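Visitor: So the chains spell out like this:
Number of protein chains: 4
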Amino acid sequence: MNAIDIAILGASGYTGAELVRFLANHPRFNIEALTADRKAGHSMSAVYPQLAHLKLPELVTIEQVNWDELAACFCCLPHATTQEVLAKVPAHVRIVDLSADFRLEDVAAYAKWYGHEHFAPDLQKEAVYGLTEINRSEIQAARLVANPGCYPTCSLLPLIPLAEAGLIEEDDIVIDAKSGVSGAGRAAKEGSLFCEVTEGIHPYGVAAHRHVAEIDQELSRAAGHAVTASFTAHLMPMSRGMLASIYVRTKDGATAADLRDVLEKSYADEPFVKILPPGGIPQTRHVRGSNLCVIGLADDRIQGRVLIFSAIDNLVKGASGQALQNMNLMFGLSETMGLDLVPMFP
Amino acid sequence: MNAIDIAILGASGYTGAELVRFLANHPRFNIEALTADRKAGHSMSAVYPQLAHLKLPELVTIEQVNWDELAACFCCLPHATTQEVLAKVPAHVRIVDLSADFRLEDVAAYAKWYGHEHFAPDLQKEAVYGLTEINRSEIQAARLVANPGCYPTCSLLPLIPLAEAGLIEEDDIVIDAKSGVSGAGRAAKEGSLFCEVTEGIHPYGVAAHRHVAEIDQELSRAAGHAVTASFTAHLMPMSRGMLASIYVRTKDGATAADLRDVLEKSYADEPFVKILPPGGIPQTRHVRGSNLCVIGLADDRIQGRVLIFSAIDNLVKGASGQALQNMNLMFGLSETMGLDLVPMFP
Amino acid sequence: MNAIDIAILGASGYTGAELVRFLANHPRFNIEALTADRKAGHSMSAVYPQLAHLKLPELVTIEQVNWDELAACFCCLPHATTQEVLAKVPAHVRIVDLSADFRLEDVAAYAKWYGHEHFAPDLQKEAVYGLTEINRSEIQAARLVANPGCYPTCSLLPLIPLAEAGLIEEDDIVIDAKSGVSGAGRAAKEGSLFCEVTEGIHPYGVAAHRHVAEIDQELSRAAGHAVTASFTAHLMPMSRGMLASIYVRTKDGATAADLRDVLEKSYADEPFVKILPPGGIPQTRHVRGSNLCVIGLADDRIQGRVLIFSAIDNLVKGASGQALQNMNLMFGLSETMGLDLVPMFP
Amino acid sequence: MNAIDIAILGASGYTGAELVRFLANHPRFNIEALTADRKAGHSMSAVYPQLAHLKLPELVTIEQVNWDELAACFCCLPHATTQEVLAKVPAHVRIVDLSADFRLEDVAAYAKWYGHEHFAPDLQKEAVYGLTEINRSEIQAARLVANPGCYPTCSLLPLIPLAEAGLIEEDDIVIDAKSGVSGAGRAAKEGSLFCEVTEGIHPYGVAAHRHVAEIDQELSRAAGHAVTASFTAHLMPMSRGMLASIYVRTKDGATAADLRDVLEKSYADEPFVKILPPGGIPQTRHVRGSNLCVIGLADDRIQGRVLIFSAIDNLVKGASGQALQNMNLMFGLSETMGLDLVPMFP
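Residue numbers (our numbering), protein chains in the order written: chain Z, 1 to 346; chain R, 1001 to 1346; chain H, 2001 to 2346; chain X, 3001 to 3346.
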């Protein structure tokens, strides 16, 4: 079969390198172009020696991309820049955007959370929120998919079916989320230094993390009315992995078993979402390097309260893996193509 | 001044080694005996080479201890064993017990949580719960102090003054706690292996962690009625440090500023408890190796909800440091004696 | 094409789990049996939850294996036990043994290093040392392949071609090797605990590490006379990865460029061994999770001395990956089958 | 007794913060000024929250320092800047300089290794190399002490007495050294990011690390003739700690026992240098946070070769701890003042 030529814009970050890892053995997508403005002219192996044994195009600037050759692109550029770049991409090119730039339907909400007007409000209108398991049919038909943030992916996969089923009190959702450092990207920042991160934990972006805008938007859609979740992010001394510990009150005496039942039905045929049996507790180690989301539930000691634990690899299901899952879907391929990765442990 | 001769029972664990670290430069307490049944006959430096430059007595069995020479002891033995051993300690010896064996006033509660009848119910009656800043006068007069668990210490220091002040809804307290691995001790268990702990996080003891019995007991005392907290422990890929992220609803429109005000007043003169100003966020790295507890508060996005973060070193304020603080108090010494440790970072 | 049915003996250790990871997507080998005496009756997913989404046979005892159904087996049993078990495996079953039990040709050498007589001296005679790139033709024809140790693999891949070429002084080879903790396996030992390994480094097995017997044996074969290398192992605070820093004196004024030339020629067509260009420095991160060995060379400041750095993943090229590479070879399959793994970074 | 007022120049780096940690409880030295040009006007606690409970002067620029009030200063500025700044410090102020700017006696060697002419050649003449145990009498009388680098300290403490005793072949010294990341300082560099450092190891500065100039200089002095050591640095996935694995050939059949004998005699009365008995193997964990250097020796399998392992905390004996030890010495105080720190483990 013919190869489908694609580009990765902003390939020098961790999410770009992850896409290359998945695409290296992909039977249909062919990496035709890799861009990285500041690294243009260098080989990808100079930036990521672990990819040196692969045959990859040289890094170029976005201006050097020949769009005529391309059927699609993954966009791993920083926010704001993304809006400016994607507004100029020709209409025949389908896009999965890993930035936050097209995740919020309401451009006013975007302006509030990101501190500037939306630079591509027209493009926003055609963007589809790319939580694959939830928005599958819309994604399939979309030209532009806004790939969800890692925290929203990890939190929404368990919460949306429960909110839709009306089983939880939507005004009493507490999400305590923990992420590996790779979520902060490869930028050289004091806060991401080894010595500043190892052997410790701390919350960050307290009551102000931008990802909550996505969580609220999608929970509200699922519940059918405005929902505000209590969300707190914590930085973990590890590269990869994300755990959301979610504390909910149930309606009408529903128990963990009832909630598990809903999730099992919702995700029964999903290759990447696994609901654990009673007593099962997810660890981020159990999904490392894979596109899996593993969810466990337990009754709290307090009647009417249920504990939900959701684990993903923030760089895979939380970013590049879901992006490829979406792109597969958009091109009518099996969603698991290139993503049949067994978690790596230890 | 005369030295006060003390023993450390069960000195071969991490909490025993920490006590030695603090006592090495203590002006008044003299380590007269170190016990470790399975390591008896060995030097402490064979078990902990980092202590090799100190002059320390050889490890002996508990039977070899000459109680006549001793004024006090720290007990770092496992639970159940502790009750049997301490029941036989002569009455002139004052005790700080680091196990869980005497923390629950109600021996029936003990039996429920620990799976066997209490072996020393009479001794239980004279035990005092050793949260220093809260129970100071009782501790001072006590013969037997039950040193609090690490999770209770970290959670109760912020919560007790708030519960006493009636500022929070006691039936809606969610504690998401994260601990370093050293809390599991030095026992060779698969779950504590490097490969099983590093680069990942997971909850454990879900809805069944024994420390909640202490938390409930002390919160109930503070509130004046029965309180059950929602508590979940997580294992972190780090040796030391504990963070409790506490999610509360306030009463009567109280805000983070109101709660901070209460805590600042409660702990204004405390050398070891620090309340951060608005915007301040604790990291476990900021207390590593010290007896400090640092607490920060913030208003949630949801009105009427406040986020409280409390950080300690689980081996210090959460174990051996508070134990020494209590022993200092019991002997009329400055609580900071031997504990003027500056946190080590990086 | 027909599936080739194989068993993994001792599947509950890390090397067994790694084999499952590689075989999950292998087009020809089918896992017909998994043994783990102490875990028999359990599912593999109970022991390794990260494998829960795979269809795998239940764990059984070795006695329960139906050898008639099998064409081959991987043996991940501990040493000594391995000799006893493999001596009873029917002759039609081809074996790749990951233990040290058949690596030393000289059974007297085995007895000296492992402290007991060899239990299967006849079987030893047909064993082939499984360093794939060096012994390819012998391995292809072998019934029993002794898969090399991780330290020998990492050290010998650069050294054997140089010794064969007569370019280095064989009596002045210093190997300073560093390994991740997974090399110690999943056994619950104090020395492998998180707190005992993290944030530190130390040498171990000083002047007495058993792997040197293999290194000496193979270097002697390559050099054509008895060679004893100076070898020291260090334990690293990481799960995976191995680096050998090798210090050699060259003959006849040979430089790093001369040595690189020899290695480039030796490994020009090898899919898994990569020689870096001048200035290239290997990191263990660049091979993590893959079957690659990456080698870099540099002239020392001292004339006539060359520095050689060799990096592998100890669980892959140093264990299970090379084992599969060998098994592929033995069955006439492409050596890369199931092993086209892109290194995972970060 | 009167306080001795001192300043720390460049207090916002890790070595500055370590000095504050040691001086917090120092009976004689009083921190009168802390400089940090880019952070001037901020409190030290804004830069290092772990120091928030200490009473410290606000950060100022170097220009704001009132030298009349000061008896001494520690200089933690970057190289080159240091020469310019220290050349202007009034003559009554005694200095311990933690940079590399005054460590090389030969200004031509400095120019070669650091890429520019020495900016303060006159000041260089009065600088004393501050390896305390080796140069004690010169340090005591010095105005300007050039505090040694971490790698030289770790390597030279075992090697100098052996070179002086003529027990080792000086032209065959191989030093394989491993360091924690804190040695790279707090600068935001890609290579020091958590994701780039954790779970891996690699050599760096191969055959070109600037610290070898110091090692050569001091080994040559000890041997009485020019010595060039083979030295390779490796970056470890840990914050603190340094291990030098040193491979030597001995003269006249000397064994590890002979070498140990020399070191034991050299350091018999030293509070900070400990020679382990036969079989003793140092771990960096055993010195963490302390000013100790622990050294172990073993005979190699190859006759005439000895393995030497030397462990320090790179930020303490390798930097700020030795700096304070030197300052104590310069002011006639006990060298251990403020440095009686028990290593922190775990």
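It should be emphasised that the hints constitute simulated quantities derived from the structure, not laboratory data.
Possibly wrong hints are sitting among the right ones.
With a straight-line Cα cutoff of 25 Å, these simulated DSS-like cross-link-like pairs (lysine-lysine) come out [as the list claims (entries may be wrong)]:
hint: 1; chain 1: H; residue 1: K2039; chain 2: R; residue 2: K1189
hint: 2; chain 1: R; residue 1: K1088; chain 2: R; residue 2: K1039
hint: 3; chain 1: H; residue 1: K2088; chain 2: H; residue 2: K2055
hint: 4; chain 1: H; residue 1: K2189; chain 2: R; residue 2: K1039
hint: 5; chain 1: R; residue 1: K1125; chain 2: R; residue 2: K1112
hint: 6; chain 1: H; residue 1: K2055; chain 2: Z; residue 2: K265
hint: 7; chain 1: H; residue 1: K2039; chain 2: H; residue 2: K2055
hint: 8; chain 1: Z; residue 1: K88; chain 2: Z; residue 2: K55
hint: 9; chain 1: R; residue 1: K1251; chain 2: Z; residue 2: K251
hint: 10; chain 1: X; residue 1: K3251; chain 2: X; residue 2: K3265
hint: 11; chain 1: X; residue 1: K3039; chain 2: Z; residue 2: K189
hint: 12; chain 1: Z; residue 1: K112; chain 2: Z; residue 2: K125
hint: 13; chain 1: X; residue 1: K3265; chain 2: X; residue 2: K3039
hint: 14; chain 1: R; residue 1: K1039; chain 2: R; residue 2: K1251
hint: 15; chain 1: R; residue 1: K1088; chain 2: R; residue 2: K1055
hint: 16; chain 1: X; residue 1: K3112; chain 2: X; residue 2: K3125
hint: 17; chain 1: H; residue 1: K2265; chain 2: H; residue 2: K2251
hint: 18; chain 1: X; residue 1: K3189; chain 2: Z; residue 2: K39
hint: 19; chain 1: Z; residue 1: K39; chain 2: Z; residue 2: K112
hint: 20; chain 1: Z; residue 1: K265; chain 2: Z; residue 2: K251
hint: 21; chain 1: X; residue 1: K3265; chain 2: R; residue 2: K1055
hint: 22; chain 1: X; residue 1: K3125; chain 2: X; residue 2: K3088
hint: 23; chain 1: X; residue 1: K3125; chain 2: R; residue 2: K1265
hint: 24; chain 1: H; residue 1: K2265; chain 2: Z; residue 2: K55
hint: 25; chain 1: H; residue 1: K2189; chain 2: R; residue 2: K1189
hint: 26; chain 1: X; residue 1: K3055; chain 2: X; residue 2: K3039
hint: 27; chain 1: Z; residue 1: K189; chain 2: X; residue 2: K3055
hint: 28; chain 1: H; residue 1: K2112; chain 2: H; residue 2: K2125
hint: 29; chain 1: X; residue 1: K3251; chain 2: H; residue 2: K2251
hint: 30; chain 1: H; residue 1: K2039; chain 2: H; residue 2: K2265
For clarity, every value in this text was computed on a predicted model and none was experimentally measured.
Visitor: Within a Cα-Cα threshold of 25 Å, do K3055 (chain X) and K3039 (chain X) meet the stated pairing?
Guide: With a Cα-Cα distance of about 18 Å, the restraint between K3055 (chain X) and K3039 (chain X) holds, given a limit of 25 Å.
Visitor: Is the straight-line distance between the alpha-carbon of K3039 (chain X) and that of K189 (chain Z) 25 Å or less?
Guide: holds (16 Å)
Visitor: Next pair to validate is K265 (chain Z) with K251 (chain Z); report whether the Cα-Cα distance is within 25 Å.
Guide: The hint holds at about 19 Å.
Visitor: Regarding the pair K2055 (chain H) and K265 (chain Z), is the alpha-carbon distance no greater than 25 Å?
Guide: Distance ~21 Å between K2055 (chain H) and K265 (chain Z) Cα, so the pair holds.
Visitor: Given the hint that K1088 (chain R) pairs with K1039 (chain R), test it: the Cα-Cα distance must not exceed 25 Å.
Guide: With a Cα-Cα distance of about 22 Å, the restraint between K1088 (chain R) and K1039 (chain R) holds, given a limit of 25 Å.
Visitor: Checking one constraint from the list: CA of K1125 (chain R) to CA of K1112 (chain R), max 25 Å. Satisfied?
Guide: Distance ~18 Å between K1125 (chain R) and K1112 (chain R) Cα, so the pair holds.
Visitor: Does the alpha-carbon distance linking K2265 (chain H) and K55 (chain Z) stay inside the 25 Å limit?
Guide: It holds: about 21 Å lies between the C-alpha atoms, which stays within 25 Å.
Visitor: Need the status of pair K3125 (chain X), K1265 (chain R): alpha-carbon distance at most 25 Å?
Guide: Not OK: K3125 (chain X) and K1265 (chain R) at ~57 Å, beyond 25 Å, violated.
Visitor: With the threshold set at 25 Å, check whether the alpha-carbon distance from K3125 (chain X) to K3088 (chain X) stays at or below it.
Guide: holds (15 Å)
Visitor: Does K2055 (chain H) lie within 25 Å of K2088 (chain H) when you go C-alpha to C-alpha?
Guide: violated (29 Å)
Visitor: Would the pair K2189 (chain H) and K1039 (chain R) pass a check requiring their Cα atoms to be no farther apart than 25 Å?
Guide: Holds, at about 16 Å.
Visitor: Need the status of pair K3265 (chain X), K3039 (chain X): alpha-carbon distance at most 25 Å?
Guide: Violated, because 47 Å separates the two Cα atoms, which is more than 25 Å.
Hints 3, 8, 13, 14, 15, 19, 23, 27 and 30 from the list above are not met by this structure, while the remaining hints are.
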